[in-house]
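Novice: Since the structure of chain A is already known, use the hints to place chain B on it.
There are 2 protein chains.
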Amino acid sequence: MYRLPIFVGQWKELGRVCELVKIARREEAFHKTLKNLSIIDHFGFDENLTFQQRYLVADQHWKKDNGPILFYTGNEGDITWFCNNTGFMWDVAEELNAMLVFAEHRYYGESLPFGNESFSDSKHLNYLTSEQALADFAVLIEYLKTTIAGARYSPVIAIGGSYGGMLAAWFRMKYPHVVVGALAASAPIWQFGDLVPCGTYFSIVTNDFKKSGTGCSESIRNSWNAINHLSSTDAGLQWLSSTFHLCSPLKNLQDAAILKNWLSETWVNLAMVNYPYKADFLQPLPAWPIQEVCKFLKDPSLSDKLLLQNVFQAVNLYYNYSGEASCLDMSETATKNLGQLGWYYQACTEMVMPMCTDGVNDMFEPQKWDFDALSEECYKLWGVRPRPSWILSMYGGKNISSHSNIVFSNGGLDPWSAGGVTQNITDSLVAIVIPDGAHHLDLRSRNPLDPKSVQQARALEIHYMKQWIEKARCNH
Amino acid sequence: MYRLPIFVGQWKELGRVCELVKIARREEAFHKTLKNLSIIDHFGFDENLTFQQRYLVADQHWKKDNGPILFYTGNEGDITWFCNNTGFMWDVAEELNAMLVFAEHRYYGESLPFGNESFSDSKHLNYLTSEQALADFAVLIEYLKTTIAGARYSPVIAIGGSYGGMLAAWFRMKYPHVVVGALAASAPIWQFGDLVPCGTYFSIVTNDFKKSGTGCSESIRNSWNAINHLSSTDAGLQWLSSTFHLCSPLKNLQDAAILKNWLSETWVNLAMVNYPYKADFLQPLPAWPIQEVCKFLKDPSLSDKLLLQNVFQAVNLYYNYSGEASCLDMSETATKNLGQLGWYYQACTEMVMPMCTDGVNDMFEPQKWDFDALSEECYKLWGVRPRPSWILSMYGGKNISSHSNIVFSNGGLDPWSAGGVTQNITDSLVAIVIPDGAHHLDLRSRNPLDPKSVQQARALEIHYMKQWIEKARCNH
Numbered sequence: 074m075y076r077l078p079i080f081v082g083q084w085k086e087l088g089r090v091c092e093l094v095k096i097a098r099r100e101e102a103f104h105k106t107l108k109n110l111s112i113i114d115h116f117g118f119d120e121n122l123t124f125q126q127r128y129l130v131a132d133q134h135w136k137k138d139n140g141p142i143l144f145y146t147g148n149e150g151d152i153t154w155f156c157n158n159t160g161f162m163w164d165v166a167e168e169l170n171a172m173l174v175f176a177e178h179r180y181y182g183e184s185l186p187f188g189n190e191s192f193s194d195s196k197h198l199n200y201l202t203s204e205q206a207l208a209d210f211a212v213l214i215e216y217l218k219t220t221i222a223g224a225r226y227s228p229v230i231a232i233g234g235s236y237g238g239m240l241a242a243w244f245r246m247k248y249p250h251v252v253v254g255a256l257a258a259s260a261p262i263w264q265f266g267d268l269v270p271c272g273t274y275f276s277i278v279t280n281d282f283k284k285s286g287t288g289c290s291e292s293i294r295n296s297w298n299a300i301n302h303l304s305s306t307d308a309g310l311q312w313l314s315s316t317f318h319l320c321s322p323l324k325n326l327q328d329a330a331i332l333k334n335w336l337s338e339t340w341v342n343l344a345m346v347n348y349p350y351k352a353d354f355l356q357p358l359p360a361w362p363i364q365e366v367c368k369f370l371k372d373p374s375l376s377d378k379l380l381l382q383n384v385f386q387a388v389n390l391y392y393n394y395s396g397e398a399s400c401l402d403m404s405e406t407a408t409k410n411l412g413q414l415g416w417y418y419q420a421c422t423e424m425v426m427p428m429c430t431d432g433v434n435d436m437f438e439p440q441k442w443d444f445d446a447l448s449e450e451c452y453k454l455w456g457v458r459p460r461p462s463w464i465l466s467m468y469g470g471k472n473i474s475s476h477s478n479i480v481f482s483n484g485g486l487d488p489w490s491a492g493g494v495t496q497n498i499t500d501s502l503v504a505i506v507i508p509d510g511a512h513h514l515d516l517r518s519r520n521p522l523d524p525k526s527v528q529q530a531r532a533l534e535i536h537y538m539k540q541w542i543e544k545a546r547c548n549h
Numbered sequence: 074m075y076r077l078p079i080f081v082g083q084w085k086e087l088g089r090v091c092e093l094v095k096i097a098r099r100e101e102a103f104h105k106t107l108k109n110l111s112i113i114d115h116f117g118f119d120e121n122l123t124f125q126q127r128y129l130v131a132d133q134h135w136k137k138d139n140g141p142i143l144f145y146t147g148n149e150g151d152i153t154w155f156c157n158n159t160g161f162m163w164d165v166a167e168e169l170n171a172m173l174v175f176a177e178h179r180y181y182g183e184s185l186p187f188g189n190e191s192f193s194d195s196k197h198l199n200y201l202t203s204e205q206a207l208a209d210f211a212v213l214i215e216y217l218k219t220t221i222a223g224a225r226y227s228p229v230i231a232i233g234g235s236y237g238g239m240l241a242a243w244f245r246m247k248y249p250h251v252v253v254g255a256l257a258a259s260a261p262i263w264q265f266g267d268l269v270p271c272g273t274y275f276s277i278v279t280n281d282f283k284k285s286g287t288g289c290s291e292s293i294r295n296s297w298n299a300i301n302h303l304s305s306t307d308a309g310l311q312w313l314s315s316t317f318h319l320c321s322p323l324k325n326l327q328d329a330a331i332l333k334n335w336l337s338e339t340w341v342n343l344a345m346v347n348y349p350y351k352a353d354f355l356q357p358l359p360a361w362p363i364q365e366v367c368k369f370l371k372d373p374s375l376s377d378k379l380l381l382q383n384v385f386q387a388v389n390l391y392y393n394y395s396g397e398a399s400c401l402d403m404s405e406t407a408t409k410n411l412g413q414l415g416w417y418y419q420a421c422t423e424m425v426m427p428m429c430t431d432g433v434n435d436m437f438e439p440q441k442w443d444f445d446a447l448s449e450e451c452y453k454l455w456g457v458r459p460r461p462s463w464i465l466s467m468y469g470g471k472n473i474s475s476h477s478n479i480v481f482s483n484g485g486l487d488p489w490s491a492g493g494v495t496q497n498i499t500d501s502l503v504a505i506v507i508p509d510g511a512h513h514l515d516l517r518s519r520n521p522l523d524p525k526s527v528q529q530a531r532a533l534e535i536h537y538m539k540q541w542i543e544k545a546r547c548n549h
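Protein chains in written order, with my numbering: chain A, 74 to 549; chain B, 74 to 549.
Hints are computed from structural coordinates only; laboratory data are not their basis. Since the structure is predicted, the reported quantities are computational estimates derived from the model, not experimental observations. Treat the hints loosely; a few may be bogus.
Identical chains share a label here; the pair holds if one copy fits it or two copies do between them.
[Stated by the list, open to error] Below, a list of computed lysine-lysine pairs in the DSBU-like style, where the Cα atoms sit at most 35 angstroms apart:
id, residue 1, residue 2
1, K371, K108
2, K324, K525
3, K136, K525
4, K368, K544
5, K471, K539
6, K196, K453
7, K218, K196
8, K137, K539
Excised from the complex, chain A in its bound form (with noise of 0.2 angstroms):
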């Protein structure tokens, strides 16, 4: 068994909850949605098709006179969800008098390729590449500065979260005529191959249990021997549908083996998702909801019974605090939206980052990385094998001193920090890093409750891409 190493729970989640509240979004009333025609294949010439690539403009306080363009690029969901969570850049648009360009990722959102054959082979899926995804960033920004007047020669800085922290990185890496910088939040770039430990992720998880309640990583430790013991039955099967409220009823082993991952995706996405602040962008979290959710969780030494009604209690508060929910769905962590499927293609061809657990370190059941199973998965899903090493070839691994400005932001508290760059490789390859902040905090709108360190990045952040632009100017 393999360990889908995703962000897609997350964005799974926050995709539908966009969808609610948009419209109420300051944001969405500034921008204009455009198209630009791509090449579906940069790198061959036989296919010489093309599609719509979407992009959002938000220039209400651009300097027209070659003012900065802060350029988001765009990762694996709907590009509206992005630019209307990451606040950041709006906070700062009108310091910089920059211009807002979010560009979407092709297969996600409504940039694919071939419609809905997209996802139907993988012929079709075969330009679903990071290479692909930066081509198309720099043609499009190409494309803008030849258009629009007054923006020949802005200086484009590249901005992304997560997988899109890394195409931001990855694209000053590759494009540095196209940028002359990038921040890349939360951007693991070194989850691949052995460059980091296997295990660091799910341990940096249970450290946030750990230090969010007595007893609360305990607790989630011990519930999988409860799980394991009560699915040895007929009747305990029935006893755990019954109390985690499933809408479909658990029949077996397999489905116990589901539930477990289920619980553990919702405990990983707590983690990532652990503002210090009420979050009404997701479905409604208090702020800090680990410290919440432990407070259903402090006591360890139950028995089986007792431990698993108070694990519902904790995972009723992530999937349905308002209440409303008369049942909860394990398969969502499978939803099939265009989201979940382009990221599992990713994952199973460039994006292999190796995950495991060890119980020890961390309070999940041991497993090792399987990259085997992982292929096998693979080929039988998508008729493709992964490449480990790729990414690696391409991108450098920890190899990347000779490149510059780019800014890498982690929180502590997110277990993607683990593959991410956390110490300064040289002056202007430069570490931030938020004590206090879960995924990609920073990106997120200035907010009362923010704590000192994720202030202190952003203006760090706000620092280096000044810099950049003046340098920008002074070359130009």
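Specialist: For chain B alone, kept in the frame of chain A given last:
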């Protein structure tokens, strides 16, 4: 009409001669010929086949404790020819304690991704791009470093000439984690888009002839009209066929156009190989062959027939210095050897290098750059359309100052210097101009007749290579 902007003519000749002389070369005895499995499509996962990439290794001077590796980025031809004609690398191997590696470019020599089918259609040709070639090189170097004992931390320097020089420069730009620096000899990385005037190339050819003898370039300039006059009658066509000792007689105006193209290519080739010493690697040519050719072309005011008889003497020196050819074969310039086929495809896809003549600043018939005609011809021949701006998007055009550790060398006599980097860009993007040098003279073996300028150029190149190696050691 377009002019196919090619190295083809050159390689064709050089390739053929290489076969004749390679046994006599000292290097031949010392290198090992090896093959490495490389992935056919680095940028997509639908095609998962591999092919055998040939590479040559010479390690007799290599210091096994992480001594440097000089890596020849193979270009559009058989790698054994490049191995035998890049004497500079052999000359410096001992001084640098370096291993030499010559990697063959996919689709050339024996490195054919689909064997005999490689050129059968645009589907099979789809993987013939510079990006795929660079990825081959990156993966090969990683393979060598992990499999050759003592090479794990060997600093690698990319070296190449002509298109191979472009590859060396681009390799350092795109894979700075793989190579610590690059020597890009006679690499016209700016012969794209509108980065340089399209006419400079042919005006350099013209200057070479102008400087090499009174009346020389004027004679050639006048020859075109002479041919035009004569080819308007059957008797004239017959006279031309017999005067130029053509193997296949000219039948119509179209054939006369072929004659003119063939002559143009001959002058261009002479400009490229206008070396200061007798070159026994080509069909034996004397030192400074343009001077020899110009001895036949002193009087541009002669009658059409007398002028063209002299032109024949001139080209006969190039094609038949040995006196053994019974006739001259114009179809040579279109010989379907693999190298030419491959380069033709590349010129029809990525390698779109605008060229033009005006008959005023050059000695050729005026011919505008006609992209549409190129595009039509490419579509007819290969079913592909060239993308003239892609190379600029990919490799940055003139906006490359953020890169480092590349030496661009160019010969003042070399027409390809028109598109080369001939002025320093930064402290570590350095231009070396060799006023008396033709096409990558500096990459050739030391020769007693070498002008001082090429000796100095080589010394400077070695200086930079040592610097890169030294710095890599410190970083390690």
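Novice: Decide, hint by hint, whether the structure agrees.
Specialist: These are the hints, each one checked on the structure:
no.: 1; hint: K371 to K108; verdict: neither (52 angstroms within a copy, 62 angstroms between copies)
no.: 2; hint: K324 to K525; verdict: neither (49 angstroms within a copy, 85 angstroms between copies)
no.: 3; hint: K136 to K525; verdict: within (30 angstroms within a copy, 54 angstroms between copies)
no.: 4; hint: K368 to K544; verdict: neither (51 angstroms within a copy, 56 angstroms between copies)
no.: 5; hint: K471 to K539; verdict: both (27 angstroms within a copy, 24 angstroms between copies)
no.: 6; hint: K196 to K453; verdict: both (15 angstroms within a copy, 26 angstroms between copies)
no.: 7; hint: K218 to K196; verdict: both (33 angstroms within a copy, 34 angstroms between copies)
no.: 8; hint: K137 to K539; verdict: within (17 angstroms within a copy, 47 angstroms between copies)
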